[in-house]
Amino acid sequence: GENVEQHPSTLSVQEGDSAVIKCTYSDSASNYFPWYKQELGKGPQLIIDIRSNVGEKKDQRIAVTLNKTAKHFSLHITETQPEDSAVYFCAASKNFGNEKLTFGTGTRLTIIP
Amino acid sequence: GAVVSQHPSWVICKSGTSVKIECRSLDFQATTMFWYRQFPKQSLMLMATSNEGSKATYEQGVEKDKFLINHASLTLSTLTVTSAHPEDSSFYICSAASGSNYGYTFGSGTRLTVV
Chain A
8 GENVEQHPST
18 LSVQEGDSAV
28 IKCTYSDSAS
38 NYFPWYKQEL
48 GKGPQLIIDI
58 RSNVGEKKDQ
68 RIAVTLNKTA
78 KHFSLHITET
88 QPEDSAVYFC
98 AASKNFGNEK
108 LTFGTGTRLT
118 IIP
Chain B
15 GAVVSQHPSW
25 VICKSGTSVK
35 IECRSLDFQA
45 TTMFWYRQFP
55 KQSLMLMATS
65 NEGSKATYEQ
75 GVEKDKFLIN
85 HASLTLSTLT
95 VTSAHPEDSS
105 FYICSAASGS
115 NYGYTFGSGT
125 RLTVV
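Residue numbers (this note's numbering), protein chains in the order written: chain A, 8 to 120; chain B, 15 to 129.
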């Protein structure tokens, strides 16, 4: 089955700096790659996603890049703010909305004011 | 946008009792429901997948007789933890999916504490 690895497990950045979180996946059939933000005691919240036919997607301060050949994708957050502090999870699925998501191990991001 | 309501948000029960968690899709029909369990400082681990009107498919290592999943309608799925034990204490999260229309929408989670 699919295996998703995520690095780093913790990340601290100065407010205003950029943060990058990386994930690799094992199943070449995976074609949907979302990123979730989870705050303490809450369910995951989708922040951005990308499909395998696209190499990069951007939404204001957040961007995701995908390298299908290398089977890895990354989350980029620019101009970080204190409210960006949370746990971030990457995930992968073989069929958007129909098959299960396999999650990475998570990254605890701390923004230092 | 798509909304999933999960209840209760937290529950404390005595060891040996059963607890039911509900997950409702409020503004769309969820053809598939996914149930996850999350231990502190860990990732979401899929427990089972259910399609409306069908038996749930459980992941390896998840006891189907202990974690009963019902998906009787396109807007409601329930997870019942039977004969709960302290090791079942965890954060349970549902995710409703509707194919290419709505993707995956997560509930807010249920914190179960078994004492």
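Calculated from the structure, these hints are not laboratory results.
All C-beta atoms in this analysis are idealised placements derived from N, C-alpha and C, irrespective of residue type, glycine included.
One or more hints might be untrue.
To be verified - To list a few chain B residues with every Cβ distance to chain A over 12 Å, as calculated:
no.: 1; residue: S29
no.: 2; residue: E77
no.: 3; residue: D79
As the list claims (entries may be wrong) - Only pairs whose alpha carbons sit at most 35 Å apart, straight line, appear in this in silico DSBU-like list of lysine-lysine:
no.: 4; chain 1: A; residue 1: K29; chain 2: A; residue 2: K49
no.: 5; chain 1: B; residue 1: K55; chain 2: A; residue 2: K65
no.: 6; chain 1: A; residue 1: K101; chain 2: B; residue 2: K28
no.: 7; chain 1: B; residue 1: K34; chain 2: A; residue 2: K78
no.: 8; chain 1: A; residue 1: K101; chain 2: A; residue 2: K65
no.: 9; chain 1: B; residue 1: K34; chain 2: B; residue 2: K78
What the hints assert, rightly or not - Some chain A residues well away from chain B (every beta-carbon gap over 12 Å; in silico):
no.: 10; residue: G8
no.: 11; residue: S25
no.: 12; residue: D56
no.: 13; residue: D66
no.: 14; residue: K78
no.: 15; residue: E90
no.: 16; residue: V94
no.: 17; residue: E106
A quick look at each hint next to the structure:
1. Even its closest Cβ contact with chain A, about 23 Å, leaves S29(B) beyond 12 Å, as expected for a residue assigned away from the interface.
2. Its beta-carbon lying about 19 Å from the closest one in chain A, E77(B) satisfies the requirement of being farther than 12 Å from that chain.
3. Residue placement check: D79(B) keeps its beta carbon more than 12 Å from all beta carbons of chain A (closest about 21 Å).
4. The hinted pair formed by K29(A) and K49(A) meets the criterion: a straight-line CA distance of about 23 Å does not exceed 35 Å.
5. Taking the CA atoms of K55(B) and K65(A), the gap is about 28 Å. The hint holds against a cut of 35 Å.
6. For the proposed pair K101(A) and K28(B), the alpha carbon gap of about 40 Å is over 35 Å, so the pair is violated.
7. Between the alpha carbons of K34(B) and K78(A) the distance comes to roughly 39 Å, so the proposed pair goes past 35 Å and is violated.
8. Using a Cα cut-off of 35 Å, the hinted pair K101(A) and K65(A) holds, with the two alpha carbons roughly 22 Å apart.
9. A distance of roughly 14 Å separates the Cα atoms of K34(B) and K78(B); the hinted pair therefore holds under the 35 Å criterion.
10. With a closest Cβ-Cβ approach of about 9 Å to chain B, G8(A) is found to fall inside the 12 Å limit, against its non-interface label.
11. Consistency note on S25(A): stated as away from chain B, and its beta-carbon is indeed over 12 Å from all of that chain's, at 24 Å minimum.
12. Not every C-beta of chain B lies more than 12 Å from that of D56(A), the closest at about 8 Å, which undercuts listing it as non-interface.
13. Every CB of chain B lies more than 12 Å from the CB of D66(A), the least distance being 15 Å, so the non-interface label holds.
14. The Cβ of K78(A) sits about 19 Å from the closest Cβ of chain B, beyond the 12 Å cut-off, so the non-interface label holds.
15. The claim that E90(A) is not at the interface with chain B holds, since no C-beta of that chain comes within 12 Å of its own (minimum 18 Å).
16. The beta carbon of V94(A) is not kept farther than 12 Å from every beta carbon of chain B, the shortest such distance being approximately 9 Å.
17. A cut-off of 12 Å between C-beta atoms contradicts the statement that E106(A) is not in contact with chain B; the least separation is 8 Å.
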